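Chemist: Here's the letter readout for the chains.
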Amino acid sequence: MDRTTFLARIEEYHMGGWRLALINATSAMSTEEQPGGSFDVVWAFVKDNAFEYLREEIVPGDEVPSISASFPAAFLYENEIRELFGINVTGLNVDLGGQLYKTAKKIPFSPSAIRARLEANAAAGIASASPTPPAGPHGAAHAASSPAPTSAPTAGKTA
Amino acid sequence: MKRTVIPFGPQHPVLPEPIVLDLILEDERVVDAVPTIGYIHRGLEMMVERVEYTEMGFVVERICGICSFMHGMGYCLSLETIMNVEVPDRAKWLRLIWAEISRIQSHLLWLGLGADAFGFENLFMHCWRMREEILDIFEKTTGGRVIHSVNRIGGVKRDVSDAELAAILVRLEELGKAFKKTASVFATDPSIAHRLVGVGVLSPEDALSTASVGPMARASGLATDTRLGGANLYDQIDFQPVVETAGDCLARVAVRLREVEQSIGIIRQAIDKMPKGEGLPLENRPRGNPAGEAFTRLEQPRGEVVYYVKANGTKYLERFRARTPTFANIPAMIQLVKGCELADVPNIILTIDPCISCTER
Amino acid sequence: MANPLTLPMVRRSLRNLVARPATRKYPYEIRPSFGGARGKIEFDVTTCNYCMLCMRRCPAEAIRVSREDRIWSIEHLRCIACNVCVEVCSKKSLSMSNQPRKPQTPADGVDGQRPGHEEWHLAAPDTTGAPCPDAETPAAKA
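Protein chains in written order, with numbering that gives the first Met the number 0: chain W, 0 to 158; chain H, 0 to 360; chain S, 0 to 141.
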């Protein structure tokens with residue numbers, strides 16, 4: 000992501016009197032271009048009845064600047080995406096140090112964790128989503144020989 | 000000065016649900032508060048991996064027992080947006096009526112809990128007695144007191160006959176009259192004023208910078224109300240958001256008191272305007288699997304809720320996210336707690352109407 | 000400020016002394032359920048054709064159906080009474096009773112089963128379809 004333009008646009012929303020509505024991350028499964036998976040992160044703002052959002056594609060390990068300088072309330076969302084998705088958010092105004100959610104598993108929504116869960120479900124014969132989703136905005140489904148399943152745990156460590 | 004750390008929660012007499020605030024005190028004054036949530040994190044968002052999108056709505060409804068109707072409705076609205084489903088008119092009106100009834104129910108519940116927190120046990124019981132009648136209306140019309148399960152993608156499962164709607168309206172108007180008496184106690188009782196006036200004042204600027212929503216923001220003079228956007232037939236309803244300017248705990252109580260009466264008025268208008276008759280279509284069930292994404296905003300009793308749904312063309316959604324109003328109000332709560340007296344902390348925490356189940360999902 | 004001479008709460012309290020209580024004496028006086036209330040799933044084993052649709056669609060994973068063992072079972076404590084199984088059942092074997100399920104304690108789980116577990120065996124294709132006596136739990140008897 001382009002840090003400077005991103006922060007400039009966040010500042011525009013801040014100066015325009017917008018209210019932070021949501022920071023949401025979605026894990027995308029590994030693709031051939033992105034074997035470790037990626038995150039689709041959305042920063043959404045509300046002003047009166049208007050709703051707008053910024054969208055960035057984040058690769059595990061990418062540094063995401065905190066927007067808590069402009070929007071102090073962002074710290075909860077940023078701590079959340081760090082704890083649940085393992086996205087590396089830097090420069091938080093309130094760093095809860097992984098203490099926001101008491102989850103049994105650390106980083107439950109990282110692409111590798113989701114893949115591991117879905118593969119375990121498939122192995123146990125439990126009906127669940129396929130670990131290799133169909134072609135979508137984040138790329139094509141894998142061939143069986145794709146290196147993605149083996150590289151996914153490595154991505155989990157770097158994230 | 001020596002600092003003391005007092006853990007507030009997870010179990011505390013005023014808290015219906017577990018949340019921890021580590022209060023850092025100097026003498027009796029709170030200087031900082033560190034929240035920890037996650038005691039009832041159930042991973043409902045993760046369940047999209049195992050529950051098909053057609054049934055996920057019934058799971059989403061169980062995020063919280065108080066906003067359950069709105070959660071189910073928000074989920075269905077998101078998928079209706081993705082799948083381009085036109086919901087029949089009568090179903091839309093029924094959803095609006097149920098949504099407003101659940102707002103009354105939630106506010107009565109909160110007013111009771113609030114009264115309990117500032118030590119007015121009697122008022123607590125009066126509020127909950129009235130709430131019981133609302134729950135009976137829900138059980139009669141939807142089949143469930145708390146979890147209604149009437150929303151389905153494309154419409155609603157049950158119809159309510161016109162005669163029954165008229166009876167509900169009569170019941171609600173009677174309830175509104177009885178509520179006026181209870182409301183006057185909240186507004187005029189000197190002991191309540193003593194506990195709440197000037198406590199936990201949130202200025203309009205702070206309300207914006209902490210991104211607070213719902214009655215919290217409206218009590219600070221911000222006229223934010225997602226219903227003003229006009230979606231879900233609210234453009235056909237004549238109403239003004241309830242705004243108070245004081246920004247203290249009593250203003251937040253007053254907003255909710257007035258919203259109960261406002262909701263009864265909205266239901267009256269809705270029953271008047273909805274298409275009448277038996278056997279009108281209620282559902283327009285979609286075919287195939289959803290693909291795409293949608294953001295849906297609704298005004299829940301506690302404030303604005305944002306749903307994000309992403310579907311990839313399979314039976315299982317890729318992501319479901321509910322940003323609930325309490326999650327948005329936690330920064331404001333922390334800001335209010337800083338600088339207040341220890342004895343005021345329970346009242347301040349309760350006046351944001353915390354719903355921890357919603358926050359953690 | 001309220002006029003303390005009017006004493007609104009005192010007046011109301013005095014009225015409450017002579018009025019009927021707002022509550023019921025619950026275990027002795029039970030309010031009848033409303034007609035359309037969703038209480039408890041009931042199963043009629045005689046008509047079931049083991050299509051397994053109810054198991055696949057159950058969001059709470061409360062229903063288990065096994066074609067090989069000819070068992071149909073439900074965990075009432077997992078069931079969220081959403082009515083999905085009743086709606087999808089093509090044979091109308093499932094119905095929703097408006098009576099709520101009974102509370103369960105761990106002691107109610109007999110034969111090593113979880114409390115609230117209820118199961119039906121269809122021993123042979125020509126069975127009369129009565130629930131298997133061995134598998135009957137207090138929930139089944141209730």
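Certain hints may be false.
[Unchecked claim] Calculated cross-link-like contacts (lysine to any residue; reagent style SDA-like; alpha-carbon spacing at most 25 Å):
hint, chain 1, residue 1, chain 2, residue 2
1, H, K314, S, S65
2, H, K139, S, S65
3, H, K139, H, D115
4, H, K139, S, T45
5, S, K90, S, K24
6, W, K104, H, K139
7, S, K24, H, D115
8, W, K46, H, G229
Since the hints were made in silico from the structure, they are not lab data.
Values in this document were obtained by computation on a predicted structure and should not be read as measured data.
Chemist: For each hint, tell me whether it holds in the structure or not.
Modeler: Against the structure, the hints come out as follows:
1. H:K314 with S:S65: Roughly 23 Å between the alpha carbons, so the hint for K314 of chain H and S65 of chain S holds.
2. H:K139 with S:S65: Given that 25 Å is the threshold and the Cα spacing comes to 36 Å, the pair is violated.
3. H:K139 with H:D115: Violated, at about 29 Å.
4. H:K139 with S:T45: 31 Å, violated
5. S:K90 with S:K24: Given that 25 Å is the threshold and the Cα spacing comes to 41 Å, the pair is violated.
6. W:K104 with H:K139: Given that 25 Å is the threshold and the Cα spacing comes to 42 Å, the pair is violated.
7. S:K24 with H:D115: This hinted pair holds, its Cα atoms lying about 23 Å apart.
8. W:K46 with H:G229: 15 Å, holds
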